[in-house]
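Chemist: Listed below are the residues making up each chain.
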Amino acid sequence: MNPIGGVGRATIALITEIGRVSLFLSEALRSLVRPPFFWALIGQQMLRIGYFSLPVVGFTAFFTGGALALQIFIGGDRVGAEALVPRIVVLGITRELGPVIASLMVAGRVAAAIAAEIGTMRVTEQIDALTTLSTNPFNYLVAPRIIAAVLTMPLLVFIADIVGVFGGYVVATLDLGFNNAAYLQNTYDFLRTNDVVSGLVKAAVFGFIIAALGCYQGFNSKGGAQGVGKATTDAVVTASILILAANFVMTSLFFR
Amino acid sequence: MAESTPPAKIELREVRKSFGPKVVLDGINLTVAPGESLVIIGGSGTGKSVMLKCILGLLRPDSGKISVDGEDVTRLTGRAREKANRHFGMLFQGGALFDSLPVWENVAFGLTHGRGMARREAKGIAIEKLAAVGLNKDVGELRPSELSGGMQKRVGLARAIAADPDIIFFDEPTTGLDPIMADVINDLIVKTVKMVGATAVSITHDMISARKIADRVAMIHKGKIIWDGAAKDIDSSGNPYVDQFVHGRADGPIQMEVRR
Ligand SMILES: Nc1ncnc2c1ncn2[C@@H]1O[C@H](COP(=O)(O)OP(=O)(O)OP(=O)(O)O)[C@@H](O)[C@H]1O
Ligand SMILES: [Mg+2]
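The listed protein sequences correspond, in order, to chains A and B.
Per our numbering, the first sequence starts with residue 1, numbered consecutively.
Per our numbering, the second sequence starts with residue 1, numbered consecutively.
Since the hints were derived computationally from the structure, they do not count as laboratory data.
Careful, some of the hints might be misleading.
Derived SDA-like pairs: lysine to any residue, alpha-carbon spacing no greater than 25 Å straight-line [as the list claims (entries may be wrong)]:
{"no.": "1", "chain 1": "A", "residue 1": "222", "chain 2": "B", "residue 2": "18"}
{"no.": "2", "chain 1": "B", "residue 1": "22", "chain 2": "A", "residue 2": "191"}
{"no.": "3", "chain 1": "B", "residue 1": "123", "chain 2": "A", "residue 2": "134"}
{"no.": "4", "chain 1": "B", "residue 1": "83", "chain 2": "B", "residue 2": "7"}
{"no.": "5", "chain 1": "A", "residue 1": "222", "chain 2": "B", "residue 2": "19"}
{"no.": "6", "chain 1": "A", "residue 1": "222", "chain 2": "B", "residue 2": "101"}
What the simulated footprint calls covered on chain B by chain A, stretch by stretch (three residues with Cβ under 8 Å from a Cβ of chain A suffice, anywhere in the stretch; the number is not a length) [what the hints assert, rightly or not]:
{"no.": "7", "segment": "25-39"}
{"no.": "8", "segment": "112-120"}
Residues of chain B clear of chain A, computed beta-carbon distances all greater than 12 Å [unchecked claim]:
{"no.": "9", "residue": "22"}
{"no.": "10", "residue": "46"}
{"no.": "11", "residue": "148"}
{"no.": "12", "residue": "184"}
{"no.": "13", "residue": "195"}
{"no.": "14", "residue": "206"}
{"no.": "15", "residue": "207"}
{"no.": "16", "residue": "212"}
{"no.": "17", "residue": "216"}
{"no.": "18", "residue": "247"}
{"no.": "19", "residue": "251"}
Fair warning: this is a prediction, and the values are worked out from it, not measured in the lab.
Beta carbons are placed, not taken as given, at the ideal position from N, Cα and C, and that holds for glycine.
Bound-form chain B, shown alone:
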């Protein structure tokens, strides 16, 4: 193959993952270019979160290969995994905030614990990042359990970007936010990707958000990427699955598993 294309930031090749008899990822092939913002769409329970966890090394794929910056990270453990994870920031779907620590320490965690930064300095950065997601200084002293769901989401977002990672994963960044705050978060994601030059992979069901933050969109269905294209082509994909999802119709090739 010609070496003309720039090396991929993230590359998944034939990644498979099952839980017992249940096949979740059935040969995922996906490439993310440096500085690109990729949005992954797909029905609930199709394995979007599982795919992110495989890239992060939280779940081990049964087979296939995952590389980051051209380096195979599929089976890294221990120190090597910690080192690889320094590239990553992750917003968990459920927040996953440390409930034993105040908000600012949550945001600063990757700095103080992951990189050994002094607490004072890290606190300053944490407060800056909280401001970026629309939370003031006083919120920093609260416990995560004292926050509303949307505020927890934003703290999770601040934590994900606190250490200025070059690859950021957002698992449903706007779910549970009001439309105005959702737009603030969309702007923030766009800004983080454009200004810092980070690579972003976001999962969302929110098509408004997808249109705003995506350079490229990939749709996952039954464990495979069934469509992958530029965000502007999403309305003219010619793919009935994508059409159904984008327009949120109950009728179409995707049949929800509900009992009648």
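Chain A extracted, bound-state conformation:
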């Protein structure tokens, strides 16, 4: 094998893929503003994406908040820990960990489910059937999922923020001997609206990434059950990587 040829082929493949994703996204964005809108489907997807993700998001947020409190307490060498722990917990959760962890969990659940469902519809020709019944598959399948994900992710992350801070509070007061009222007061005094809002903006962007990549991988799956399996894996992997990359970009934009 010629290594230079290999690099060339990989580069071409990457550029082709970026082109295809861009085309898909432009078509998807157009479907968001072009009627018809399937309101019932948006509601159904909000339930599936948002409501049924609550338990998994809640648990991860709680334990992340708890672990964060422990680490800061230990790392802070107990010097000024009383003030440090609640502040860093609330900052870390609202700005970074809440949105990122919740979105990664939802990516695992939802991007996979979307890719599997749409992928199966692709290989069984159900997407072709939509077209022959004069229904645009982007309007019917993609738009409701993207709209639902962009609307529900901020709500989920808001809940994750509260549960995460609560997790830190529980560990700090029960295990580390913090004073209940002082901890809450410290959290409240230190928190700025922007910390929460920036996290919710991130959440909306991550919601878009999750739904769009799930749909993209599903639409482009081919070759039966194996192809759908690959689409599912690819959806979770690409969505997760993009979430972390987008998070870095947004953090450097918002907080500098």
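Given chain A, put chain B with the ligands in place with the hints provided.
Modeler: Same frame as chain A, now just chain B with the ligands:
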């Protein structure tokens, strides 16, 4: 050319389609007259389904021209494609039923989603169409996964004709049905074409069905239409390929690609 012939309902001119190096359609020329029932025959994997998908705009031909009612539809997209597809009904070879929806909503889909008809009204029509393919009202409430293969085929057929399209494509309408039900479906196709005046293009391997529903038969082989004639002439085509296919003989000019 003289303008004496009526305009073709569907016309394909030199349509070519390849998948990578594999040439599937190699210059298809075909004309379907209004109200005609054309049956396409040909070996497995010769590109019959691909040809239908090109007409429907599900696949884009590499070159050539496809017109419907004299209008070029080869490269339509978006709204214009949706509008053109309102003329069409399609029965997919594999059914392609929406497994997330109950049977009646599948049948009514083109009415409720494609044309914005109210659900109640559409349900009534769906139940009528289900009855026409020999399925009763209760089946309407089931999911497609709860049906037998032959029942799925019939639901697909009901869905294809639900919106009273003026052009209907049937990809193997009788495959997987018992002989009696196959005959019911044949009658239904004949009735749909004759009563409603629809134009039908059917793909089939079932020569009994072909004889019953076809006004005209076209045979596709190696990406080209190699014979095209009236259904009554099929036994006297003088074409060795058609003869071999019609009589289902393993020996003849068509060699199946099987390893010995
Ligand atoms: N989406 C696709 N990608 C790549 N190859 C394809 C695709 N669709 C069809 N083909 C190839 O095109 C050829 C023709 O397929 P097609 O489905 O039209 O056959 P057919 O004539 O309908 O056969 P059958 O009677 O078995 O249904 C086959 O060799 C198939 O492998
Ligand atoms: Mg076929």
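Chemist: Against each hint, give a clear statement of whether it holds in the structure.
Modeler: Checked hints:
1. A:222 to B:18: Holds, at about 17 Å.
2. B:22 to A:191: Violated - the C-alpha atoms of residue 191 of chain A and residue 22 of chain B are around 63 Å apart, more than 25 Å.
3. B:123 to A:134: 18 Å, holds
4. B:83 to B:7: It holds: about 20 Å lies between the C-alpha atoms, which stays within 25 Å.
5. A:222 to B:19: 14 Å, holds
6. A:222 to B:101: With Cα atoms ~23 Å apart, residue 222 of chain A and residue 101 of chain B stay inside 25 Å; holds.
7. 25-39: violated (count 0)
8. 112-120: holds (count 4)
9. 22: Check passes; 15 Å lies beyond 12 Å.
10. 46: 19 Å, holds
11. 148: Given a closest Cβ separation of 17 Å, the condition holds.
12. 184: Since the minimum Cβ distance to chain A is about 23 Å, residue 184 of chain B lies beyond 12 Å and the statement holds.
13. 195: Holds, because the least Cβ-Cβ distance between residue 195 of chain B and chain A comes to about 22 Å, which exceeds 12 Å.
14. 206: Given a closest Cβ separation of 21 Å, the condition holds.
15. 207: 26 Å, holds
16. 212: Since the minimum Cβ distance to chain A is about 25 Å, residue 212 of chain B lies beyond 12 Å and the statement holds.
17. 216: 23 Å, holds
18. 247: Holds: least Cβ distance 32 Å, greater than 12 Å.
19. 251: At roughly 34 Å from the nearest Cβ of chain A, residue 251 of chain B sits farther out than 12 Å, so the non-interface label holds.
When each numbered hint is compared with the structure, violations occur for hints 2, 7.
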